[in-house]
Amino acid sequence: MADRSQYPSPGPDGTLDIDLSSGKYLKLWQGPNHPGITGNMAVELTVCGDEVVEGKTHVGYLHRGFEKLMERRTFIQCFPIVCRICVPEPDFNEYCYAAAVEELAGLEVPEKAKWIRALILEMGRINSYLMYLGGQAGAFGQGVIGQWTTYARDLMLDRFEELTGARIYHMFILPGGVRDDLPEGFQERMEDTLQEIESTLSDVYDTMFRNAVFKKRAVGLGYVDPAVIDRYGVTGPVARGAGIAKDVRKDQPYLVYDQLDFEPVTANESDVYARADVRRRDLLMSVDLIRQILARMPRKGEVMATLPNVLHWKIPRGETYVRGECSRGEYGYYLVTDGSGYPRRVNVRGPSYTHAMALLEKLIVNVNISDVAGLMVSLHTYPPEIER
Amino acid sequence: MSVRDLLSPFTAWKHLFREPVSIKDPLDREASERYRGFHKNDIEKCIGCGTCEAICQNGAIDMLPVEGVDTIKTQPGDSGLRPRIDYGRCCWCALCVDVCMTGSLTMSNEYKWVESDPDKFRFTPGVDKKHWDDYKDGYHRPDGHRLNAPERIEMPELEPRERIDSFIEIVGGYSLEQAKLEADRCVTCGICVATCPTHMPIPDYIAAVRDGDYERGLKLLYESNPFSQVCGKVCTRKCESTCAASHEGDPIAIRWLKRHITEQVPYEKYRDIIGEPLPPTGKKIAIIGAGPAGMTAAFDLARKGHTVTVYEAQSHAGGMTRYGIPEYRLPYETIQRDIDLILSMGVGIHYNTRVGHDISMEKLQAENDAVVLTIGLSLGRSTRIPGSDHENVFKAVDLLRRITEGEDIQAPENLVVIGGGNVAMDIARSMARLQQQQYGEINVTLTALEDKAHFLADPVEIKESIEEEINILDSRGPQECVIDDQNNLIGLRTWKVLSIFDDQGRFAPSYDQDDEQLHPGAWVVEAIGQMSDVSLLGEELTEKLEWNRGRIQVDDAGHTSEPWLWAAGDCVKGPDVVSAVATGHKVAASIEAAFAQRETGA
Numbered sequence: 001m002a003d004r005s006q007y008p009s010p011g012p013d014g015t016l017d018i019d020l021s022s023g024k025y026l027k028l029w030q031g032p033n034h035p036g037i038t039g040n041m042a043v044e045l046t047v048c049g050d051e052v053v054e055g056k057t058h059v060g061y062l063h064r065g066f067e068k069l070m071e072r073r074t075f076i077q078c079f080p081i082v083c084r085i086c087v088p089e090p091d092f093n094e095y096c097y098a099a100a101v102e103e104l105a106g107l108e109v110p111e112k113a114k115w116i117r118a119l120i121l122e123m124g125r126i127n128s129y130l131m132y133l134g135g136q137a138g139a140f141g142q143g144v145i146g147q148w149t150t151y152a153r154d155l156m157l158d159r160f161e162e163l164t165g166a167r168i169y170h171m172f173i174l175p176g177g178v179r180d181d182l183p184e185g186f187q188e189r190m191e192d193t194l195q196e197i198e199s200t201l202s203d204v205y206d207t208m209f210r211n212a213v214f215k216k217r218a219v220g221l222g223y224v225d226p227a228v229i230d231r232y233g234v235t236g237p238v239a240r241g242a243g244i245a246k247d248v249r250k251d252q253p254y255l256v257y258d259q260l261d262f263e264p265v266t267a268n269e270s271d272v273y274a275r276a277d278v279r280r281r282d283l284l285m286s287v288d289l290i291r292q293i294l295a296r297m298p299r300k301g302e303v304m305a306t307l308p309n310v311l312h313w314k315i316p317r318g319e320t321y322v323r324g325e326c327s328r329g330e331y332g333y334y335l336v337t338d339g340s341g342y343p344r345r346v347n348v349r350g351p352s353y354t355h356a357m358a359l360l361e362k363l364i365v366n367v368n369i370s371d372v373a374g375l376m377v378s379l380h381t382y383p384p385e386i387e388r
Numbered sequence: 001m002s003v004r005d006l007l008s009p010f011t012a013w014k015h016l017f018r019e020p021v022s023i024k025d026p027l028d029r030e031a032s033e034r035y036r037g038f039h040k041n042d043i044e045k046c047i048g049c050g051t052c053e054a055i056c057q058n059g060a061i062d063m064l065p066v067e068g069v070d071t072i073k074t075q076p077g078d079s080g081l082r083p084r085i086d087y088g089r090c091c092w093c094a095l096c097v098d099v100c101m102t103g104s105l106t107m108s109n110e111y112k113w114v115e116s117d118p119d120k121f122r123f124t125p126g127v128d129k130k131h132w133d134d135y136k137d138g139y140h141r142p143d144g145h146r147l148n149a150p151e152r153i154e155m156p157e158l159e160p161r162e163r164i165d166s167f168i169e170i171v172g173g174y175s176l177e178q179a180k181l182e183a184d185r186c187v188t189c190g191i192c193v194a195t196c197p198t199h200m201p202i203p204d205y206i207a208a209v210r211d212g213d214y215e216r217g218l219k220l221l222y223e224s225n226p227f228s229q230v231c232g233k234v235c236t237r238k239c240e241s242t243c244a245a246s247h248e249g250d251p252i253a254i255r256w257l258k259r260h261i262t263e264q265v266p267y268e269k270y271r272d273i274i275g276e277p278l279p280p281t282g283k284k285i286a287i288i289g290a291g292p293a294g295m296t297a298a299f300d301l302a303r304k305g306h307t308v309t310v311y312e313a314q315s316h317a318g319g320m321t322r323y324g325i326p327e328y329r330l331p332y333e334t335i336q337r338d339i340d341l342i343l344s345m346g347v348g349i350h351y352n353t354r355v356g357h358d359i360s361m362e363k364l365q366a367e368n369d370a371v372v373l374t375i376g377l378s379l380g381r382s383t384r385i386p387g388s389d390h391e392n393v394f395k396a397v398d399l400l401r402r403i404t405e406g407e408d409i410q411a412p413e414n415l416v417v418i419g420g421g422n423v424a425m426d427i428a429r430s431m432a433r434l435q436q437q438q439y440g441e442i443n444v445t446l447t448a449l450e451d452k453a454h455f456l457a458d459p460v461e462i463k464e465s466i467e468e469e470i471n472i473l474d475s476r477g478p479q480e481c482v483i484d485d486q487n488n489l490i491g492l493r494t495w496k497v498l499s500i501f502d503d504q505g506r507f508a509p510s511y512d513q514d515d516e517q518l519h520p521g522a523w524v525v526e527a528i529g530q531m532s533d534v535s536l537l538g539e540e541l542t543e544k545l546e547w548n549r550g551r552i553q554v555d556d557a558g559h560t561s562e563p564w565l566w567a568a569g570d571c572v573k574g575p576d577v578v579s580a581v582a583t584g585h586k587v588a589a590s591i592e593a594a595f596a597q598r599e600t601g602a
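Top line first, the protein sequences correspond to chains A and B. Residue numbering for the first sequence is 1 to 388, as defined by this note's numbering. Residue numbering for the second sequence is 1 to 602, as defined by this note's numbering.
I should point out that these hints are in silico values taken from the structure, not numbers from a laboratory. Quick caveat, the model's predicted, so the values are computed rather than measured. Fair warning: there could be bad hints in the mix.
[Said to hold, decoys possible] With a Cα cut of at most 27 angstroms, we get these calculated DSSO-like pairs of lysine-lysine:
#	chain 1	residue 1	chain 2	residue 2
1	A	K215	B	K14
2	B	K14	A	K314
3	B	K452	B	K573
Let the hints inform the model, and build the full structure from the sequences given.
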C-alpha cells in the first residue's frame, strides 16, 4: 500500500491540489495509442508512486461528426452512416435509427422483420461480449483468451455475412424492416456456431474466471458504489454487476423481447470480476435468446414495409427518443424532424459516454497503474460512440 | 481462492491437440452468396438514369459518357451515361443496387482487388471489364425489396357499361391524394424530358404536384406547352414509354399528373400565372390552320409582341384535336379553354376562312412578314381496293368531323373499319356509341394489317375498344368492298396477312389467299392514314417549294425553301398533338431569329 500521507487532499471545492513541482507526482499518458486502451482515447494520469492520484479522459481522436453529417443527408442516406458510430456492435445504431424514423414517419414494421432484427441484435451482442472477454483477459496478460474469442467471433461474423451480406458493417436493418429473409439452412449453421461459442466459453470460464491470477487482480478492482449508478447514468452490465437489474429489454421491451423468456443477469460485488461474469452469463443468455428467436419466429411473411419513394421522403415535424439494451448498456437515438427531407437533429446516446467520460475518472483514483487498462476495459468502452 | 483456481487454467493445454482453426489460404476463401462485393453493371440494360448517383450518400458515383461501346449512346430512353464508381468513397451499402430502376446494377461476391495505380479503383462497372463480371453470387436486390413503389396509382374511369351509350368523358382525373402518391414515385431522372418532343420540364412539374404548388406547376406547363390541358388528356405520352420506372414496374402517369395540375388551378387564374405578352413590335404574321401547331406558334409569337392572325377553314379552332379526337377522350370544352387562353394573348382569328378560296396566298404573303403553314392532315387516304368508291365507304376523318359538327348520323346496323391506328379506334368506338344509342347493340368489326403485338394504336385504346365490344381482327388485309346485285355494300373481304414489309423494309404485304373472310357491314370505314390538302398553295408555289415524299420539305426549324414561309404540325411531322406543339415552338423561334437577322442585316 502506498503511503497515504503522500496523497494530495481535496480543496474546499473537491478539486485536488496537485503540485507537480513538488516532485511527488508524475504525469503519465495512457493512450491514445496504447495496447491497453479501449480504442482511440487517452487517459491523462497523475501518479504518485505506482498509484493513480487523478485520471482525466481525453477524447476526440476518432471524431467524424456523424450527427452533423446526418443533417445534410436524406433519411435513407443516413442509413449507411449510422452503423459506423460503433464498430464492434454496429447494429444498435441501425436499429435505433430505423425505429426512430419509423416512429416519426408512421411506418409499421412487418412482424417477421422484428424477429430478424432481434436476432441480429443478439448476434451483435455476442460478438461484442466476445471481443470484450478477449480484451479483459488481455489487459491482465492472458493473450490466449483473445485468440479463442476472436475465433468464436469470426464464426459469428460468418453468420452475419451470409445473413446480411457483410461481416462488420451489416447495413441490413433499414427504416421499414430488414433487407432480406434468412438464407436457406441458416438455423442449422447458427446452431453449430452457438455450440462452438458455448464450448469456447466453457474454456474461457476454466482459464479466465477460475484462474487465481485473474481473480487476484480483478476481484475488488474498480468498485462501483450502487448509490452512484443513477447519478452517473450508469446502465448495462456495469449497473447489473452492482446488483441493479437494469435491462431495457425487460424494463421497456422493444421488438419481440416481450415474447422471449429471460431474466436480467446480475451480480452484487460490483468489481471488475463481477462485471466480467455478468457479461459472460449475459452472453450465454444471448445464445439462448437466439435459439428462442429462431424457434419461435414466423416462417413466412414480409420483411420490409412499403416505403415511400426514398429519394424525396419527407417526414412530418416531430421528435422521439428510441432506446435499446446493447452490450454496454442503454443505447438511444434522439431524432428531431422538421417536415423536410433531412433530419433536423440526430443525437446518439451511447453508454460509453457516461461510463468512460465520467465514471472512469471517479473509479481510476487510487488504482495501480498496471490495473488501469483492466479497469477501463471493464467499463466496456467504445470511443466512437462518445465522439459521434 | 482455492487450489482449483490454480489448476483450472491448465485445462488450456488441451488446445495443443486441436487442429488449427485459421484458414490456410485466405485468398481462396469465397464470400457468401449475398456478399456485397464489387459492383457489376449490365450496361445494355442500364439506361443511365442516374438514380444510383442520386442516392449515393458518399458521392461515390458519377454518371459519365461511355466511349468505345457502340450500343451506348444518347437516344430515347437512354441518357448514354453510365455510372462510374469511386472505390475510394464507396461504402458498399448497396443503396445504388436497391434503387436501380432497371435492375442492371448488382454486386458480385468478389472482395479482393490488388492494383498498383490507385486511380484504377475508380471504374465503370460493365464497361471496364473485370474478372467478377460473370460471377453469379453476390448481392442482388431481394425480391420485393423496393425503395420506391413500382405500381401506378389507378386512374378512376367509367365502366364500359356506363360510358358506351354516350360521348361522356371516360377518365375521371386523380384526387389530390392519388396525385401525390403517383408523383411520389418519380425518381426525377429526366429521361422523359429528352423524349418529349417539346421537352416539357416533367420532373419539375411532378415535383410541384408533390409540393402541392399547383400554380408553379401550371407556369411550368405553359412555358413549354400551350396545349397543356389537351395534352393532359390525349397526349401520346412518348415520355411514359421511356420512363425509368417502366423497366421494373409501371411508368409514372405523367399525362395524368399534367392533367391533375390543370384541374387544380382555377381557370380564371391561368392568364395571370402565364403572364402578359411583350409590348407590340409591329411585325405581322399569318398562320394558316388553327390546330395545335398553328396555335402554339401563334401563342409564342403573340407573347413576343407580334401581331398574329390565324386563318381557319372550320368554324372552330383546335384542328384535329377537335375534329379528329372523339369527345369521350377529349371534351370540346377542354380544347376551347386552351384556345381561349391563346387567343387572350392578342391572337386574331378568322373562322370559316379557307385560304386559296376566301383569301389568296399571295395576299397573305404581301401583307405579312411571315406566313406559317399548319394545315395538318385533313384528307383521309383510301385503300383503293375494288368497291372502295361505293357511297357507303367512308373515310374515318370525314366521319369524325361530321360527328364533331353535330351532324345527325344514322349509323348502320353493322360496319367494318379498316386500320389499326388510333383514328381507327376512334371511329370504331364513336360508331359503336351511335349504334348503342340507335339500336341498343354494337356490331363493329375492326380489321388491321398488323398483328396485335404491333398495332399502331395506343394499348389503352385497344383495351378500351375490346371492353366496348368492338370485334378486333388482326393480320387481315382488305381485298374488296363487296357489293351485291342491288348495289348494296354487304361487307369487306380480307385475306390473312403473312407479312407487311418485304426484305428491304418496304411496304409490300403478302397474304395467305386461302384464309379468306367476309366481314359483313353495311358501311366500310377506311382509317389507314391521312394526307395534307395542299390545294391552297396554288400551282406556282407548289412548283417552287421543295417536297419530301408528299410532305413539304422543311429544315430543322420548320423553314421551307421559301424565305417567307414556314410549316409546322402534322403536315411536316407527326401525326400527334405534342409533336405539333413542338414544331409550333420551333417555327416561332425560327421566325424570331429570322426577324432579328433581317433587322441586323438591314
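Status of each hint after checking the structure:
1. This hinted pair checks out: K215(A) and K14(B) have alpha carbons roughly 22 angstroms apart, not beyond 27 angstroms.
2. Note on K14(B) and K314(A): the hinted pairing is violated, with a Cα-Cα distance of about 59 angstroms set against a maximum of 27 angstroms.
3. In summary, the hint linking K452(B) to K573(B) is supported, as the alpha carbons are separated by about 25 angstroms, within the 27 angstroms threshold.
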